[in-house]
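Colleague: The chain contents come next:
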Amino acid sequence: MTDIIIKNLPILVVICPLMMSLIVVLIPYNFLSWVITLSTTFITFIFSLLLYQEVYLHTSISYALGNWAPPLGIEYVIDKVSIVPIIIISLISFITTIFSSKIMPAEINSSSISKVYSLWLLAIAGLIGLVTTGDAFNLFVFLEISSLASVALVAMGGQKDKQGLVAAYNYLVLGAVGATLYVIGVGLLYGITGTLNLADLSKRIAEINDNKALIAGFGFMIIGIMVKAAVFPLHIWLPRAYAYAPSAVSVLLAATATKASLYILARILFSVFDISDTLIINTLQYVILPLSILAMFAGTIMAIFEKDIKRLLAHSSIAQIGYITLAFAIGTKASVAAGFIHLFNHALIKGALFMAITSMSFYINKRITINNLSGLGREMPITFVCFVICSLSLAGIPLTAGFISKLYIIKASISADGIWIAMLILASSALSVVYLWKMIEALWFHEGPKNLLIKENSLVYIPLLIITFLNIYFGLDASLVVNSSFEASEQLLGARK
Amino acid sequence: MDKNPILRIATKILFAPIILFGLYVQFHGDFGPGGGFQAGVIFASAFILYAIVFGLEKGKELFPLNINLFLLALGGILYGGVGIASMLLGEEFLSYNVLGTSNQAGQHIGILLVEFGVGLTVSNVMIALFYAFADFKRSGETK
Amino acid sequence: MISLETYILITILSPLIVFLVTPLLSRNPNLRDLLGPLGGVISSYGAIEIMNAVLEGKIPKLDVLDIADGIKIGFEVTPLGAIFGLVASVLWIFAAIYSVGYMRGNQEKNQTRFYTFYAMAVHAALCIAYSGDLLTLFIFYEVLTFSTYPLVAHKQNELAQKAGRLYMSILVGSSVIFLLPAIICVWVLTGSLDMSKNGVLEGNLNPEYAPYLLAMFAFGIGKAALIPIHKWLPAAMVAPTPVSALLHAVAVVKAGVFTMLLILTNVFGIDFLSKTGASTWLIWLASFTLLITSIIAIYKDDIKARLAYSTISQLSYITLGGALASAMATQGAVLHIVTHAAGKITLFFVAGAIYVGAKMSKISELNGHGKSMPLIFLAFFIGSLSIIGVPPMAGSWSKFFLMLGAAESGHLFVLVVFSISTILNAYYLMEIPARAFFLKKDRDIKVKMPTLITIPIICTCFLTIILFFAMEPFQKLTSIMVN
Amino acid sequence: MISSSLGVWNYWVVFLLMMIGLFLVIGRKNLLKKIVGLTIFQTSVFLLYITFGKIQGGTAPILNNINDTIYSNPLPHVLILTAIVVGVATTALGLSLVLRINSEYGSIEEDDISAQDLVDYHELIETNKNVSAKFKK
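Chains as they are written, first to last, in the working numbering: chain A, 1 to 497; chain B, 1 to 143; chain C, 1 to 483; chain D, 1 to 137.
A couple of the hints might just be wrong.
[What the hints assert, rightly or not] One side only, chain A facing chain C, incomplete, derived with CB under 7 Å: (1) Pro-398; (2) Ala-427; (3) Ala-430.
Hint data in this document are derived by calculation from the structure and do not stem from the laboratory. Given the structure is predicted, the values throughout are model-derived calculations rather than measurements. Here a beta-carbon is modelled for each residue, glycine too, at the ideal position from N, C-alpha and C.
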């Protein structure tokens, strides 16, 4: 039995949530469906840890679906690169599932809870599948599975606030346009090379030089993925989708959804195409780099003027995605590794911040704006402390995970002779202190409503504590994340240079 | 609409052949054009036609929502189940070869079951979509 | 025999333990208030032992945490660090006693929080003093900023809030935008975050770029209060006086100039600086800051504001001393950390004492009240003499060395700057005791001076005199440092 | 030049449909029309793939014991089958969202909806304003 599990791990991390989502939809008891979801995400997490171990034993695992050998069959590839997002997604989804137990029934009609959990697992399966698959078209399928499931989840927010529906609609339309653009790109590349397997594709692309269809295909793919990854200025679906989704869904999406797409972006840029190619160099330098810098500032400035806290955090996510793409755009091994470090750390930070805010809105049963934050920190000390720690982590204050990622991004940019980039990064993170501080000040120093009599619920704050602890832990002992990320970038770029 | 005899009788006559045709497309998929997707849609069209002509309530009596949901999930589970079965038999996910005594027999069994699962899911998704949209109009009006 | 690591631990951990235990004792104010002075005594014991060890030529070292490859938190005591550590821990004893008297005399709210973060700030300052590499330095530099925020905004009114915001935004902003990239630049250039006695940049950095890197450091270390980034210091005056004393004499500003000196000596290296002349611009800027703020101080009527501007100008002495890049000037700069700390803390204590005892905070109100608080004003007088640099007060030594250094490095105009500024110092500081003793009283005021306030003032006042005679170990340490 | 361009007329059709669809998605304010545009956009991609797969004179790729028969490439067709399913799912989800939006907002015009959202947003901010901006004594 263990053999079978070990052998089939790459597919198990995908089909475990996928199959369970079909079972959960049939369960009429809400609590039971939560228990099944929880155990599924837990098992998936265990599987992904086992995968981590396996990957470091064998450097990379290729799994041929249906025993059809690649490049003809669909191949699932787990290497040191893809394991990073897999761990992120499975870890965060497990923690958020614990968190959702109390939050979900407060916002969703009890008749649709099992459906929500089914979609929840489907979204997770889609995201993990997106990362695992080594086939360009299969990737599209998972892209759509995850985004359709996420759209449906966001639309569930419409039960409480009608804006959730519009958010879901925008997400759907833009997501579909993005996915279709990606498919056009894949089609063009398939037309030129005759293969869909990503590894094979990269080999054949290397043999072709100067083909206009190749450039067009590359452009379509990148734009499509950039829509999904919410890279500025293709981010407009994101703030609303995160802000008006049901609270637990916001946490899940904020921490994981864009991460998988960012990973795909890196994979296409560095692994499918050749980093030393002028096409890629120009794209990085003249497209992604300026856009990332704009994203850093636009996101932060929008966040500063935003009054609705969930939207504020979503705007800040755009800025943080900017950091990650910026790191990719610099294009050295160290910078890509830094991008992966921030990918991981940002998932932890944003997950925790959304968790803290949603638990506050759960306790006072209102949408959180900057005005009704007043004095809440005193009423719910545990949530507040976690919120402060993770805010510090977001701002990149030492001894937190956020500091480590910022340190490496800056170091990479200085090493690549981009001290002005480093200054811009730091300027934008100093600006981010403004909105974080605004919230903390309101939470602690402003006078709030009296007699709230809030009793913090352990099922709500324990996941928050776990994720906050991880934020501190990975700030104090970052070697695991740092080493894995460096291995990942080595594998991604090493073959090329 | 149930006062219109032509439609009613035509529906009653057509209902069985549609399903039969669906089954044909489903099971002939191994040897010629066809398969689960197409068959599923054809299958669903029979029930949708019935519900259009006789009304949504009657349609739901014929094909209740919970059965619809159950079959929908069942199709997917069947698909995945085949994959898991091949996995338990020591091969990769969805390797049909090990399912039968010979490779060819295994392929046959595998593709049949998988296509059946696809057919089930597609037809039920179609019906579910129809129910959802049709039902929505009603609940909107009662508001 | 206790090992040197343990002494580092004793020194660093005792304020941390105070920080952790204080909140638990919020119900028992007497025990709580005892913790601070007790921690100070233990901590200074460790600091003295460390200083002895450094005098013997040993280098106490302690590795704490390995965060990732090349990133670690560790302590390694330099002579400069030993001096700053001793200053911070010894003055903490007096500041802790004083703050008990002040807080009780003033009946401030949230005392537990106050003491908690007070201890945390001292902890951060000590960690800065003993930090072994640039990252540790940076981390505790930030910790210090964050731990002093609740102290600055202690009163929690709109004004305190505003001041706190300014304080944070300048200090955090400057350190994050300039200091951190500067540190990472050093990391990239030299391949490690370590410092060494004679600097690490020689041979790794093109001398043409040295002034720019130095500028990033100089403006990154906001706590050293060079002129465009000095605004936080007067703003932070809304804090209770013990905090001002802590900020302006013990922890924050001294951490700033300490960092500045450390960067100048142990990262750039005096030789490298004097060879390349990278710090010439800094000499001009520091001189400018020194004179301008002295002049501003004259126009301030609020005692604490005047002292704040005086502090900025005195800090520039230290920066100037480092920037002159000669052995003598650096020695003078280091000694000035010690002497200015003792002198300025006395002055701030007095300012607080006047506020607690007589509810006065304006200089123009002081006319003739010297006789009702003779001891206090005498202490102020002695402290001022030390700041001005009149023997037999400690301040005379450091000024002497600074002037020698200026002469040695050949920047003779600096000598002029020093003398002008001394005259200005004398003018704006002496006005206070002069008004108190020689002018006629315009109204009667009931004075009630708590003993817990008077004692530390007298102690630190004596300290300024004792230091004049006991300068030898410090001077020895500085000579170890520059040779 | 013209003849060679016209020789690939099916690509022109694809191109035309793609632009029509994308224009509808971006340019129309009506949510339903956007969905229509999206479907047209996706359909153009289906055509693109099928054009790749089609080989002139090729038959369906089923073994027929005749040597050197030219087969069309089946793979793009299979891919498009999947893409069609995805497209159906997208359209269905989009339409159901439009229905829900219509019943909640009473309109499917983007301008109406964003106007209502703006009002809601400001109400949300304003209603809680009186609590804030007072410092704890």
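Colleague: Does each hint fit the structure? Answer for all of them.
Modeller: Hint check:
1. Pro-398: 4 Å, holds
2. Ala-427: It holds, given that the least Cβ distance between A/Ala-427 and chain C is near 6 Å, below 7 Å.
3. Ala-430: 5 Å, holds
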